[in-house]
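*Asks:* Going down the list, the protein sequences come from chains A and F.
Everything in the first sequence is counted per this note's numbering, starting at 11 for the first residue and increasing by one.
Everything in the second sequence is counted per this note's numbering, starting at 173 for the first residue and increasing by one.
It should be emphasised that the hints constitute simulated quantities derived from the structure, not laboratory data.
Think of the CB as a built atom: it goes at the ideal place given N, C-alpha and C, for glycine as much as any other residue.
Hints are not guaranteed to be accurate.
Stated by the list, open to error - Okay, the calculated beta carbon distance ranges per label pair:
| no. | chain 1 | residue 1 | chain 2 | residue 2 | range |
| --- | --- | --- | --- | --- | --- |
| 1 | A | E56 | F | A238 | 25 to 33 Å |
| 2 | A | G82 | F | G183 | 45 to 53 Å |
| 3 | A | H411 | F | A336 | 45 to 53 Å |
| 4 | F | H325 | A | M11 | 19 to 27 Å |
Said to hold, decoys possible - Residues from chain F that keep clear of chain A, each with C-beta distances beyond 10 Å, as calculated:
| no. | residue |
| --- | --- |
| 5 | G183 |
| 6 | E191 |
| 7 | P235 |
| 8 | P272 |
| 9 | G283 |
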Amino acid sequence: MLEQLEGSQAVARAVAACRPEVIPAYPISPQTHIVEALSAIVKAGELGSCQFVNVESEYAAMSLAIGASATGARTYTATASQGLLYMAEALYNASGLGLPIVMTLANRAIGAPINIWNDHSDSMSQRDSGWIQLYVESNQEAADTHVLAFRLAEELSLPVMVCMDGFVLTHAYERVDVPSAEQVERFLPPYEPRQVLDPDDPVSIGAMVGPEAFMEVKYLAHVKQMQALDLIPALAGELGRALGREQGALVRSYEAEGAETVIVALGSVLGTIEDAVDELREEGMSVGAVSLRTFRPFPLAELRATLRGAKRVVVLEKALAVGVGGIVSQNVRIALAGCDAHVHTVIAGLGGRPITKASLYGLLRDADAERLQPMTFLDLDHELVQRELQRTRAKRRSGPHAENMLRDIGVVAAGPV
Amino acid sequence: MFQIRIHGRGGQGVVTAAELLSLAAFADGKFAQAFPSFGSERTGAPVTSFCRVDEREIRTREPVLAPDALVIQDATLLHHVDVFAGLQAEGYVLINSARPFAELGLGEWSGGFRPERLLCVAASEISREHLGARPNTALLGGLAALTGVVSLHSLLGAIEERFAAAGRAQANAAAARACFEQVRDACGEPVHA
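For reference, chain F alone in the conformation it holds in the complex:
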């Protein structure tokens, strides 16, 4: 089982991100489970969502306490929420930031983890360029490139399924693809799926 935890703020599409990931994993033929942890439902408040992907039926319903991958949609959360709680030693971290780990004050912390699995990517900038809004779909493209947990093809399909009715599928898909390519260029092919 591969477990992902996504941290962000209300309004950044954190819940949607986990749902999209589960749709993509399902399209890849996997079992997937996505669910949110709602706080007070208001814009800007910290929000967490979870996604599990497995080759067999997923029965557990506990929150993701020991993630294999973390997506941090808003770097300002690093100082308010224990976003790294339970992260596996072999885990992946993708942070939405134009600054590297060291500049975010995480230089020392990151020493305990595999450096090629820790990455900052300027997803908000990518999103602004393509759709002018939330960084969630761009970051999913980045996560797909970093971990291989879902295929880019299935992710783009999930984005199409979710956003077609609102006419936002193309822009979201472009953001996801752009971030996927940026991360792939930075990291090479994913180490694990």
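Next up, chain A with everything else stripped away, as it sits in the complex:
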């Protein structure tokens, strides 16, 4: 049934329809509404014996998730930003032990300077933690993808992170058809763990492994994750039939076939990009878009097949690898090795900077006219940066950059020293 819902509510209800048995949670914006809603659902008795555990930190949340999952319980949690960093060690343990935990990441920037708004710095920082990473464009996709995530995680015995843009999606009200418990039941069988601590059949997990087998264990993790490249499209097809709407899988192409310029991005910005693509195509520009739905494992072959005809590929990414530039574009370049396409890195939307249609028009017109540099910071206020550099040169103790620049642009909160 279609409803007008907040994204966080839609996700909470879709997760509840998957009948998790343990939910350890620690609040952090912009994820909090999701676990708040789930706590109410558990409290109301709608999930039977499901345990919602308020823990003292994100490190504890993931550690408890590991323990719960290892006993054979379907386990879910959610976090964002610094919370993800705080659980980083446990993330590697969850994947290394092969535990099918599902986690929502409400994408948010990482400090310093502290910032609560959306970008992809958090999930990108953990891209190599062994978790599968799926990115969603809308709240309908967010709700549906969690259902797929549980099945995927449990079939491969690997953890899955569903990345949804903080605030932009988590706090947005739009129409969503939340998968019902009946629909989910037809798609998601009861959890039968591959890795389980069972008193009747005791084993120990997490053993010390030396040089004699460590590489083999890690290699196996890679092989297992790569299996998701076949499994995700198969599951997306099956879920699509169960829910009666098409599901994204590895990459989704929008008018990209035969386009000279193709813009590649992840998450909710695709909506704005698609509007821009439509209008620029009406002007006669040969432009299309590709959504990278699955980032880990990285769909090299599928992306190569989708992009190989393009003259230029513009990778719009909401994270910055300081000291080198793009993260997504590095992966895209691997996919396009040996192809003629020029790959451009565009860093955009850091810390919640809006990515506007006007900026996208400018960007794509520059690309179309062969004016786009290999590396661009979209809508960067170069003059503000230059003035701060000037202050730094003028005085050795010129003060903190963040506060100086806020004062420069007249943001009241910074105030005079």
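Position chain F against the provided structure of chain A, taking the given hints into account.
*Replies:* For chain F alone, coordinates are given in the frame of chain A:
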């Protein structure tokens, strides 16, 4: 597409207002999208929220930069925030104030816009009379009367859905209805929806 931007301060229900508007538009059978622009989450700080209403699926996620309608929940913001940024020439403005545009120092500014689409309404007074609290629901009633972007029936339904559990539905609905009637009496039937 009809785009609304709501300006107010933390604690005035600015975010809730956009959400209610989207619920009402959905009930009217439209596509709607509401989302906030949070600053530091504290009482009294300027807050902005957005709502888009359309006959077809809304894909864009950029903030509302060129609003068709503005709701200013707190007139003191006029001097701190560029609330009118991007307002369409044919746009509507609804300000929560007992004083008219001229007295708010907007006489000259308003010359560039259609006068019948610019209105001040004493929503705080209406709200105090009916529920003693936030002006957001009253202003939504006023916006419905001024623009017709949502029907009063759907707005009252959204208010019921949102506030019933807290026992505040009736008072909020009364405030919305009172402001709707006041604006309708001042402006007549809405020019556009």
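*Asks:* All hints are to be evaluated individually against the structure, with a verdict given for each.
*Replies:* To see whether the hints hold, each was checked on the structure:
Distance hint check for E56 of chain A and A238 of chain F: the Cβ-Cβ separation is about 43 Å, which falls outside the suggested range of 25 to 33 Å. Look at G82 of chain A against G183 of chain F: about 46 Å separates their beta carbons, and that is inside 45 to 53 Å. Remark: the range hint 45 to 53 Å for H411 of chain A to A336 of chain F is upheld by a beta-carbon distance near 49 Å. For the hinted restraint 19 to 27 Å between H325 of chain F and M11 of chain A, the CB-CB distance of approximately 21 Å keeps it satisfied.
With 10 Å as the threshold on Cβ separation, the claim that G183 of chain F sits away from chain A holds: the shortest Cβ distance comes to roughly 17 Å. A beta-carbon of chain A is positioned within 10 Å of the beta-carbon of E191 of chain F; the least distance is around 5 Å. Look at P235 of chain F: its CB is around 5 Å from the nearest CB on chain A, not clear of 10 Å, so calling it non-interface is violated. At roughly 29 Å from the closest C-beta of chain A, the C-beta of P272 of chain F stays outside 10 Å, upholding its exclusion from the interface.
Look at G283 of chain F: its CB is around 27 Å from the nearest CB on chain A, clear of 10 Å, so calling it non-interface holds up.
When the structure is compared with the earlier hints, violations turn up for hints 1, 6, 7 and for no others.
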